[in-house]
Structures are given as structure tokens and as C-alpha cells.
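Visitor: For reference, the chains in residue letters:
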Amino acid sequence: MTDAAITAGAAPHGQGPRATLSAAEARLKKRYRSEMWFKAQGIAAIVVAMIFLVVLVGRIVAQGYTTFETHSISVPVYLNPDRIDRTALDGVNYDYIVAEAVMKKLNIQDDELGTTSGKVMDLVSRDLGFQLLDKIKADPSVIGKTITVTGPVKADADLYYKGEIKRATAEEDRKLDNQQLGWLDQLEKSGTVKGGFNFGFFTKSDSTEPEQAGVLGAVVGSALMLIITAMIAVPVGVMAAVYLEEFAPKNRWTDVIEVNINNLAAVPSIVYGLLGLALFINWLHVPRSSPLVGGLVLALMALPTVIIATRSALKAVPPSIREAALGVGASRAQTVFHHVLPLAMPGVMTGAILSLAHALGETAPLLMIGMVSFVPGVPEGFTGASTVLPVQVFIWENASERAFHERTAAAILVLLIFMIVMNAAAVILRRRFERRW
Amino acid sequence: MLTWLSLLFLALFALAAFLLGRGRALKAAGGASVRLHSLPNYYGAYAALWAGAPAALLLLLGAVFGGRLEEAVLQAERPAAVSALTPDRQDVFFSDARAIAAKEAPSEVAYEGELKTALDAKVAESRKITAIVRYSTIGLASLVALIGVLLALPRVGLEFRARNRVEGWINGLLIACSVAAVLTTLGIVLSLVWESWRFFQSVNPLSFLFGTEWSPQIAMRADQVASSGAFGAVPLFAGTFLIMLIAMLVAAPVGLYSAIYLSEYASRGMRSTIKPLLEILAGVPTVVYGFFAALTVGPLFRAGFNAIGAVLIGGPLDGVGQYLMEVQNQMALVAGVVMGIMLIPFVSSLSDDIINAVPQSLRDGSYAMGATKSETVKRVILPAALPGIMAAMLLAVSRAVGETMIVTMAAGLQAKLTVNPLDTVTTVTVQIVTLLTGDQEFDSPKTLSAFGLGLTLFVVTLALNIIALRIVQKYREQYD
Amino acid sequence: MTVTNPNALALVQGHAMPTQNRDGGVAAPVIHTAVPQGHGVVETRDFKIRARDVNVFYGDKQALFDVALDIPAKSVTAFIGPSGCGKSTFLRCINRMNDTIPSARVQGAIEIDGADVNAKSVDPVVLRSRVGMVFQKPNPFPKTIFENVAYGPKIHGIATRKDELEAIVESSLKKAGLWNEVADRLHQPGTGLSGGQQQRLVIARAIAVSPEVILMDEPCSALDPIATAKIEELIDELRSQFCIVIVTHSMAQAARVSQKTAFFHLGKLVESGPTEEMFTNPRDSRTQDYITGRFG
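Chains as they are written, first to last, in my numbering: chain V, 1 to 437; chain E, 1 to 480; chain F, 1 to 296.
Hints were generated in silico from the structure; no laboratory data involved.
Predicted model only: the values in this text are computed from it and were never measured.
Even glycine gets a Cβ: it sits at the ideal position worked out from N, Cα and C.
Nothing false has been slipped in among the hints.
Straight-line Cα separation of at most 25 Å, SDA-like style, residue types lysine to any residue; simulated pairs: (1) E:K373 to F:Y58; (2) F:K154 to V:R33; (3) V:K315 to E:A357; (4) F:K154 to E:D364; (5) F:K154 to V:E25; (6) F:K120 to E:Y265; (7) V:K39 to E:R363; (8) V:K30 to F:S121; (9) E:K446 to V:I281.
Here are the computed distance ranges between Cβ atoms for each label pair: (10) E:V109 to V:G191: 46 to 56 Å; (11) V:I108 to E:L317: 54 to 64 Å; (12) V:Y32 to E:P359: 18 to 28 Å; (13) F:D99 to E:A357: 19 to 29 Å; (14) V:I108 to E:E279: 55 to 65 Å; (15) V:W283 to E:T86: 19 to 29 Å; (16) E:S83 to V:K135: 52 to 62 Å; (17) F:P82 to V:I428: 42 to 52 Å.
Model the full assembly from the supplied sequences, consistent with the hints where possible.
Guide: Following this line, the structure appears as C-alpha cells:
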């Protein structure tokens, strides 16, 4: 046979090679076409998955990054003693005083109906008014003087500065009218309004007004909740795994426990929420919406995954280590706690961190136990009302203001960064301490 | 606070017991610890365990169940004025009494006359009971700790096997921890069954499972509580099924094909890039997918269908065009597709494991016969891996059925019996969330129906998981 | 009939077998003579497979060094040597199974009927249909016996009609000596057979595409002595139709089934020649040591 024969194809059963050479060639071509087609399908699947990833992450970044820039206004405010009733400081309309100061900057007068001042108030956050109140309460002698206050502009004004609300849009389709946009331009030109990094997003908690809403409360809530989860799920999970892997006799009971754990890992998270509601809230009266009850529910949820991860880390420790320890007269417990568990520790910690990262992103069970409530301010402790990052995302997503959508995406970015940090920690731990036996 | 303080004291006491036990052992050995059966620290630990563990357990039980106990005692005797109230109001009354006693904010209900007197009496009683429960727990714990030490210390001696005893304690602790998993299951089952049973007392289980009308809001009205027609869950099951089906249509091919490509075709470099990227997709919280579905995919699909509709209007397919112009953001298709995206990495990594478990010898056998890669995959690997892949798909289905956030944010609330993916449907999980968030009275059938749905969900997903895990186990045994 | 390809022989003498050269120029050509040897006869035909300067690397590690070997057609050639010596690696070069290992790199020329299997124009898929392979552990596909044997003819399009397939399956199973044992259960899973039957099923699967060469990688190492004897018997029968190359751990097996033997050691081909001669009068001291059991 020749070189060509090898390339051309197999000699069919019982027939001469020459007769069916072209048929064999055609057949081979067809086979390679189907090979290419199949491979293309595989590549297409991966490309599709990657496109989804890029679109998902890209879209959230695109929606959220604008949050990190914000605009603040600083105006000198004359605290007119005629307007401020010293006997009822809380009843004073500070927003109007601020609006007056802004109008002065703009060189405009209020009309009789107060339409203009109303429109100006729509541009400036109520935060400035609260600042005035705080300052007066701290030092009543400022009344009659002019003080400068700095605070955020209203969310819609901020969106205009950032180009999200465009002048080109028909006036009736946008929240700010042409006059207001003119004022905003004027304020920016005069340097009264300045752009900058949005520190408030990280130092404030939830608020009904988007420009004052931040993630601090949710971040602290998440941290408190995760501490509870970690303190329960990790030790209990590790000890359960140690028992099942190293001590338990192989009998019906341990089989039951094993099947049970594998199935628990696949129970929908919302079912854990129902359990938390019935058990912790209605029966044990743990305070609703608290990091404590959230942490308890997530601990139950994370328990099976911690157990499974720990068991596989323990399995990876070769039996020779156990035999060596037992051989020098160590007891079973000493073998496990002096040798096996320390060697498995990197794997255990990796698994634990990954389960906690998963718990950090969990939302559904927390809705069941009342975490979906408006909580302004940082949670007061493990039993105080609190919200957590993913739930904050859910709450803000439901809000109708456009500025909240921006903040939702930004809150997601904060959440994703926390998760990436945790996952990276797990990966580094694995890379650094992983031992190949 | 008091609990923490007593726990701290207990810890100090246990430390003292440790030192005593250790010292006693060393003294018995005359300073030569080799003569002891166990290391001196084990004797200390033995004493400390007896001193601390039972008492600590008692204190914890007191902290967890003390409230329950107090409540039960408080409610044992109800003044006539209170008994006259509706059960709901009675609960409010007692919780207010306890709140005032604990110096917390009570509800805004105003109490007058006889009720006010009764309330004040109950507040005083509550304080008294709290004090009794608290101090008796602490007293009992101290007693137990003392007895523990007194029993443990005399046993410490040369021949005493302290290490074995301490390890016995450790073993017990480990067993208790592994039982925790079983208790969780038990807790899930009991709470779901208990609340569902209460629900099924007012709604016939058959009309719940087979009824085709779901409108729990109507049933809130007192005269309709017993009307079981409003709790027909079939539209929810249908909606769940429809969204699951769409999700699987996205996730199954993409996930399976990418697993095949990654395990059979991709170079090592490509695998090590793509796999972590897929893991990112898997690690994204579901609430993020929900946000993506509600604010990106929903409007995009709607705009797309509207555009198609605009083209079709006036043509031979005018009716279809009209319909497409009216589709909403919250169509089943949106939730399904996004859920499918979420499931891709899940399906892919499970299938990858399964495909990698097919022994290399089968691949070699096929390649040696002159098969191409795709022929090997299609004719040898996939048939061999079929049971495992089926199991992976079942697990994905179970995930899809139990997924909550995506559907809560992207699917609707209208319970409709439809197979049209462009229509708005609702799912079991969406209804559970809707029924249990916001203000709720706990005993109404409306709230309890969430537990009925939860029980159904649990049973279905559990069945899927058990079957799938069974298949996977069998499959692995085959190739081990 | 003496040397078929003078160039090839020159290559052999120049590179791979310097020892033989030193021992005396007569030694090398002996392989190619038509002298009847022991129980088998090396037929006086062309060599089916010629290998020259074959080097194989796994990543940075070199597994084969400058192997040069001629394998005669219609006879059994055995590769022997201690484990890890490269005999299986060389075997897997012949049908390019090393292609499936990403880190493997093959250099040098391996020719079947004068055509280099590593040439760009050669399609491994087609090559493997001409060079069948049987593995150490029986690896029937998890399908029926019938489907196992019909797999090759189906993918290569040798037979499409059911009766054609049935004919091929029957004749292949008969050739593999398995027909009588499985004729009544063709549609039961092949994995249900005994180890020896599975191995014969795999041989039948290889035969079904009418290959020219059958490579066997320690085909009996997972089998009991009775099953081994059956396989050996089968190999002897198949010799008349195929060029068979067998890797074996057992020197006794090599002596029983092969006409030519090649001894590998540490990735090098130490010596090759008619089996009878190798076992009675090895030229290299390492061969001597190995067959007398001093190492390996």
C-alpha cells in the first residue's frame, strides 16, 4: 500500500481497496464534517456561557459605577432669627431656609405661591436642612449668623450632572424641567456644586431618599450575621464531619446521617427560611429581622456544605498518616486531632470560606424571617433590627426611583467584591497549603 | 447579660477545677507524671469538663427556653377581661405584658380599665417569673457544677484512665454535632408538617393540590376562609414547571456541551481559564440574577417582542403582532432564561465530574478503533455517562424548582394556568415569599398556605434529590 | 531472500544497534533471513512496520531513545522488558495513541508499508482503522456484545445494512473464538462477560474492521492462566492474517507466541531478533540478565 492508502481510508470488509476508494473518502469527509460541527457546538456553548457572564457583570458595572461619583452643594445660609422659633427648633422649615440661600446664589426671587422655592427644594437634599438643625441644637448662638453647609444635591439633580437625565429628553418625560436644569448649570458654573467621590454611599445606611442612602448598615448587618453563621456552622460542621469520617462505625445510623446530609445540601434555601420562621421566630421568639436569627438560619443552611467539604478534606489525608500515629501508640482522638485534622485544615478552611461566601449572598430565607424591612441606621447589635447586603439589593430593586436602580447595582458591586475577596482567600489558601499526597 | 456573666464565672470555676485535677494527679504520682495512666492535663480536663459542661448546658438551655417557659407560666392563668378578647388580641396582650416587663417597646394598643389592671398585674407577674427562672437556672447550674467537681476530683488517681474519659466526652460532642444535621431535617419536616396540618384543617388537601384557582388575598375575608377554591395550587405548579422547563432548555444544552468541550477537547490552558470563569457565574448571588432579569433582560425582551409585533401588525399575522405589542416585562420567558443562565455552571460542573468519571480505557478503546472524538463522545462516553448526566439534570431541575429570588424579582404574581412563555406566571416560591413578607397574622390560612406550599416544594425537591443521588452513587460504584 | 530495503538496514546498523556492529556485521542481517526458526517460520516477505530514530517525550521526560525496529508481516512480534522501559510507549506510537496524551511528543519515522504514520497527511482516525489495538485491561464499551463488535464497522461505514453488520459480527466473533460462547446472548451487555471473554470480545471488536496490524498491550496481564491460554491460542491463529505486535511482561508468553522478540530497557531498544535466538543466545548482557531473571 502507499501513502495515499493510509490517508484514504480503511479497506472495507472483504473488498479490494481501489473499488471503494472514493466512497471511503466521501464517508471520511462526512465524518469530519460531523466532527467539526460537534466541536463547533461545544465552542458555541462556551462562548454563550462567557457572553452571559460578560453581559451580566458588564451590565451591572455599567449601571452601578456612576453611584461612586456624586455632587454636593455648599451654600452660605443666613440663619434669620425672625424665622427660627427658639422655643420650637424642630418645627422650623429648614429646607426653606436652605432653598432661600440657594435662590440667593441664583439671584432669583420666590413667587407668592412658593413654586420657585419648591422647585429649588427639589434640587437640594434635605440633609442640609438637618445639618442646620443639628448645628443650632449644638450651639444656639449661631442663630443670626451666616454659616456654610455642604451636602448632597437631590438624586435627580445628581443624575442630571452625571448625564443620566438628558436635556434632549422631552421636558414632560423627565423629572426636572428646563428651568431647573438651567439653575443646575448655573450652580455648577459658579462652583457652588462640585462633583466628587461618593463617600456617603459607604458611610450612610438605608434612607427613603436615594441621595442619602448608603450600604453601611447593610454591610455591618451582613458582617454580624456572618459572624453568627461562622461561629455555629464551622465548629459544628467540622466536628460532625470528623465524627462521620474518623470515628463513626459503618452502620445503618451513620448511613442515615450521611444520606440526610447529602439531601440537606440540596434543600431549597427558602425552606430553611420557613424553618427559621416556624422554629426560631414563632416558637423560640428570637427577635425578628435580627442578625442573630438570620445567622442561625444561614448556619443551618451552611452546615451540610461545611460537613461535605470537611469530609472530603479529611478523605484526602492518606491512611498512612493515621497508621503512623496509631503505630506509635496515639489514641484515635489524638491521631485525629494531632495529625489528621491539622493536615486537612487548609481544605477545611477553604470549604468553610466558600460556604460562608455562599451564605453571604443568600437572600430568600432572610425574606421569610422579616429581614426585608426598612432599617435606617447601623444595626445595634446581634438582636437589633438589621438588613443585609443582598436583601438591601432586593429592597432597592423594588424602589421606583431611578436613582435607586443605580444604587442597587452599586450595592451589588459591593456584595460581589466581598464575595470575590472571600473566594480569592479560599483559592489562595488552597494554592498555598494544598498538599499533594 | 446575666447569662454571659454566669458563663464567665463558670469558665473560671472550670479553670480552677482543671488546676485542681491536674495538681491532684501530679501529687498522686509524686511529681513523676510517667507513673500516671494519662498525661496530667487529661486529669485536669476531666475535672474541668465535669465542672463546666453540664452546668454550661443548663445555662444555655435556660437562655434558649427560658422565654418559652416564662410565657407558658404567664399565660397559664388568664384574667376574665383578657379571655374575652379574640385569640389574636390575647396574643398581643401577653406579648405587650412581656415587652413592658423587659422594658422594650410594646405595641401601640391602648389598654383601659380592667384590661389595664390586668396588664399591670401580668407585667409584675412576668418580672417575677423572669427573675425566678433566671435565678433558679443559675442556682441549679452552680449546684450541678459543684456536684460535678466533687464527683470528679476524688476519682483522679494513678490508675484512673483520664484520657479515655476525656475522649469519651469528645466523642459525645462529635456525635451531638453530627446529630445536628438530622435534627435540622427533623426541624424542617416537623415545622412544615405542623403548620401545613393547621392549614389543611381549613382547606381540603385535595382541593389544594388539584384546585385550579389561586387567590389567597380573597380568602382573607372572614366569610371566605373556608372557601377552599381560592387555594388551588395547580396554577403555581404549572408556572413553576413552565419556568423550570425554559431554564432547563437553556441550561441543559449549554451546560452539557461546555462540559463535553472542556473535558474532551479543550487544552489544559483553556480549561484552567474557562473553569474559574464558570465558577464566577456559579458564585453570583441569585438576587443579582434577579436584578439582571428585572432590569435588563425583561425590558430587553419586551422591547424585542414589541419590535417584532410592530412589524407584524397589519400583516397576515396581525393578531400575533397585536399580542406581541402587549407583552409585559414579567414574562415567564425572562425568568426562565435568566434562571437557565444561573444553572449553566451547575449543570456544567456536575456533567464534567460525571464525564471525567468515565474510565480512560473506554476512550482508548474507541480511539484505537479509529473513532473520531465526536464519535467517541456520542457513541461511547455519553451512553456510558447517561445515568449520571440524567441525575445531574434532575439536580438542576430541583434547583430550578426551589429557586426563589430570580422568580420573585422577574416573574409575576398572577396565578395563571398557561403554557405561553410570553405570559406572566407565578411560582410556588414567589407565592411563599409574597405570603410571608410584609404584615401578616400568623394563624390565617393565607399565611399558613405558605407552609403548605413549602411542604410540597420540600417533598418534590427531596424526591428529585434522593433519586438523583441514588443514580449518581450507583453510577460511581460502577466505575470504581 | 535477504535484505528488502538496503537503506533501512543501513539506518539500523548506523544508529540503533552499534553493539551488533561491533560484534560482527553478520549478526544484524540474520534477522532478515528465511531460516526456519523453532516452532514458527518467519515468512520471507516485506516488513510491515519499520521504525527509525523514534524518540518520545512526555513533557520534559524522554521515554524512548532512538528506537529502530522492523516488524515482519503475518507474524507475532513480542516486546519484552521491565516495567517502565518504554515498550508500551513504542506500541502506542504505531497507531498514534500517544496523540491522545497532551504532553506526549513523538519524533522519528514509523512506517507502515513504507508510509510514515506521523506524516501530516496521515489521519490518525484512518490509521487506527488499519492498526487495531487491544489493551491491558479488557475495555468493552458499556453496550451489548453485538454493538461492541459492530462499533468499528458502523463508524467507518464498512457496513450499513443490518445483515452486513450481522455477518461481520459473526465472522469476527468466530475468528476471536467467542462465537460459541455468546451466540445466544449477543444483545446482552458486553460488560457481563468474564475477563477472558471480555478480552476476546475486544479482540473481535478490533478484528471487525479488518485491520492489517493488531497491537496488544499486555493483553493477558489481567487474566487467569486458563483465559491466558485461550488468548495465546487465538493469537497464534490470527497470525496467519494479521501482523501482531504484543507487549508482554511474561517471557514465557513471548517465547510461546512470538516469532520475533524485541527487548527494551530504560527507553532503549537493546536487542531484537528471532525469538528462539533471543532466548537461547542473547547477544547483549542486559538481555541475558533479564531473561535469566536477574532483574526486571
